[in-house]
Amino acid sequence: MALLAPTRAEEAIAELLDGPEGRVAVLAGGTDLLLDLEEGKGAPEVLLSLHRLPWRELRWGREHLEVGATLPLAELERDPELARRIPGLLEAVGAVGGFALRNQATLGGNLVRASPVSDLIPILLALECEVGILGSTGERTIPLEKFLLGPRRTVLARGELVRRVVIPTLPSAFRWQRVRPANDVSQISVAVARTPDGEHWRIATAGVAPLARRARTAEALLRGRSPPEELMVSAAAGAAEEAGVRADKRATDTYRRQLLRTLVLRAIRAVPVGPTGDAG
Amino acid sequence: MTSPLRLLVNGVPVETPVPPSERLLDTLRWRLGLRGTKEGCRTGACGACTVLIGGHPRLSCLTLSHQVGEEPILTVEGLESDPVGRAVMDVFVAEAALQCGYCTPGFVVALTGLLKEHPGASESSLLEGLQGNLCRCTGYSSIRRAVTRLAEPAP
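The listed protein sequences correspond, in order, to chains A and B.
Residues 1 to 280 in this note's numbering are what the first sequence lists, from first letter to last.
Residues 1001 to 1155 in this note's numbering are what the second sequence lists, from first letter to last.
It is worth saying that the hints were derived from the structure and are not from the lab.
Keep in mind that a hint or two might mislead.
[Unchecked claim] Once the Cα atoms are required to be at most 20 Å apart in a straight line, the calculated SDA-like pairs of lysine to any residue come out as:
| hint | chain 1 | residue 1 | chain 2 | residue 2 |
| --- | --- | --- | --- | --- |
| 1 | B | Lys1116 | A | Lys41 |
| 2 | B | Lys1116 | A | Ser115 |
| 3 | B | Lys1116 | A | Asp79 |
| 4 | A | Lys146 | A | Arg213 |
| 5 | A | Lys41 | B | Arg1006 |
| 6 | A | Lys146 | A | Glu128 |
| 7 | B | Lys1116 | A | Glu77 |
| 8 | A | Lys249 | A | Ser115 |
| 9 | A | Lys41 | B | Arg1042 |
| 10 | A | Lys41 | A | Pro80 |
| 11 | A | Lys41 | B | Pro1019 |
| 12 | B | Lys1116 | B | Arg1086 |
| 13 | B | Lys1116 | A | Lys146 |
| 14 | A | Lys249 | A | Ala157 |
| 15 | B | Lys1116 | B | Gly1011 |
| 16 | A | Lys249 | B | Thr1043 |
| 17 | A | Lys249 | A | Pro181 |
| 18 | A | Lys249 | B | Arg1144 |
| 19 | A | Lys41 | B | Thr1043 |
| 20 | A | Lys146 | A | Pro80 |
| 21 | A | Lys41 | B | Cys1041 |
| 22 | A | Lys41 | B | Gly1011 |
| 23 | A | Lys41 | B | Pro1020 |
[Stated by the list, open to error] Stretch by stretch, here's where chain B covers chain A in the computed footprint (C-beta under 8 Å, at least three residues):
| hint | segment |
| --- | --- |
| 24 | 44–54 |
| 25 | 99–110 |
| 26 | 136–146 |
Quick caveat, the model's predicted, so the values are computed rather than measured.
Where is the CB? At the ideal position from N, CA and C, for every residue including glycine.
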């Protein structure tokens, strides 16, 4: 196996298009890919490491945060604005692995690997972030929900790389439950975001269906910056029904359903009522 | 296939041939003879292999040596000559904050990284920063005592 670490995007894309399919594996932080390689899953001829590409932006706009694909998650955590402007994202990033792992793992890598247990996918779905995809003909941007096709599957075509993630700054919250606080997989994780005017709420759950997904029926029940208690309770109960809860070695379906209802309720309550996420 | 690799380890420039897919953990232990860094789980779950890269705690079992580049690496062997690392180790010794000692390099390196980045960090934030480190002897109470001494007293 050879390791290539191009410094220009064009070289990286040319390498991806060269030779037969499956010849190249793309390496970002490597915290997930290296586990697969260690287990003998896949035998790429070339590891294409993105670490020399200048793709580590962290740029605040009026209503968005733009994050370069290879920015380590810990750099997001270090940003002094994040707690105020996208609180749910800070909480979700803090749930990934442990601190040492977050100095390595990247946002782009998390999305491309599309793990069913990703703690970042639910919050990014709730925030309705967009994914910038770079290919040989330029960059296209698509909503995350369209980017993800299923567990471990995305729309990325051959010769394409995730270049950036554009995240709306919205009042939001994230809640999770697992056996061990760090370096473990959540039994359930829940993300909630709302538009600044309170017109639209969004709920996304993970640890339930094959891949994190929105709970649209439940979220449609919520209106306003501070919905009445009975609507919050109904939305939480609805989300628990809608999520497609399953049993596995980490939790039974009954436990998950109960957990989900509790965590959705807590996350809704935790979304700041004030204008968090607004510019300024 | 190996290719030459230059690293800066504990202040010393080293050059050694390293296969492209080799983990930093293996390069440190088996090519450079720095066996203080431990292999615990090799899956990023236990923190025993923690080293500092560019001053930040990283898991050497999930880092390819060729990905490190020019960033300085600090392992447990280099803590002696680092004032923060020295202080952390002294407190671990004073509190006997270990049982079998296998996880200790990971704990002291992680704490050194946390304290270098956040001098005067609170006890709770240090404990949170250590969540990724496991002690399989479950000797946590003495480790907690050491952390209490290293933390700033609560305001």
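Verification of the hints:
1. Lys1116(B) / Lys41(A): 38 Å, violated
2. Lys1116(B) / Ser115(A): 33 Å, violated
3. Lys1116(B) / Asp79(A): Roughly 17 Å separates the two Cα atoms, so the pair holds.
4. Lys146(A) / Arg213(A): With a Cα-Cα distance of about 11 Å, the restraint between Lys146(A) and Arg213(A) holds, given a limit of 20 Å.
5. Lys41(A) / Arg1006(B): Outside the cut-off at roughly 29 Å; violated.
6. Lys146(A) / Glu128(A): 11 Å, holds
7. Lys1116(B) / Glu77(A): 17 Å, holds
8. Lys249(A) / Ser115(A): 17 Å, holds
9. Lys41(A) / Arg1042(B): Between Lys41(A) and Arg1042(B) the Cα gap is close to 16 Å, so the pair holds against 20 Å.
10. Lys41(A) / Pro80(A): 39 Å, violated
11. Lys41(A) / Pro1019(B): 19 Å, holds
12. Lys1116(B) / Arg1086(B): With a Cα-Cα distance of about 12 Å, the restraint between Lys1116(B) and Arg1086(B) holds, given a limit of 20 Å.
13. Lys1116(B) / Lys146(A): 42 Å, violated
14. Lys249(A) / Ala157(A): Since the Cα atoms of Lys249(A) and Ala157(A) sit roughly 33 Å apart, the hinted pair is violated (cutoff 20 Å).
15. Lys1116(B) / Gly1011(B): Holds - the C-alpha atoms of Gly1011(B) and Lys1116(B) are around 17 Å apart, at most 20 Å.
16. Lys249(A) / Thr1043(B): 19 Å, holds
17. Lys249(A) / Pro181(A): 17 Å, holds
18. Lys249(A) / Arg1144(B): 31 Å, violated
19. Lys41(A) / Thr1043(B): 14 Å, holds
20. Lys146(A) / Pro80(A): Status violated; Cα separation ~31 Å.
21. Lys41(A) / Cys1041(B): 18 Å, holds
22. Lys41(A) / Gly1011(B): Status violated; Cα separation ~37 Å.
23. Lys41(A) / Pro1020(B): 17 Å, holds
24. 44–54: Answer holds; 4 residues pass the 8 Å Cβ test.
25. 99–110: holds (count 5)
26. 136–146: Violated: only 0 residues of the segment 136–146 of chain A have a Cβ under 8 Å from chain B.
Against the hints set out earlier in the document, violations occur for numbers 1, 2, 5, 10, 13, 14, 18, 20, 22 and 26.
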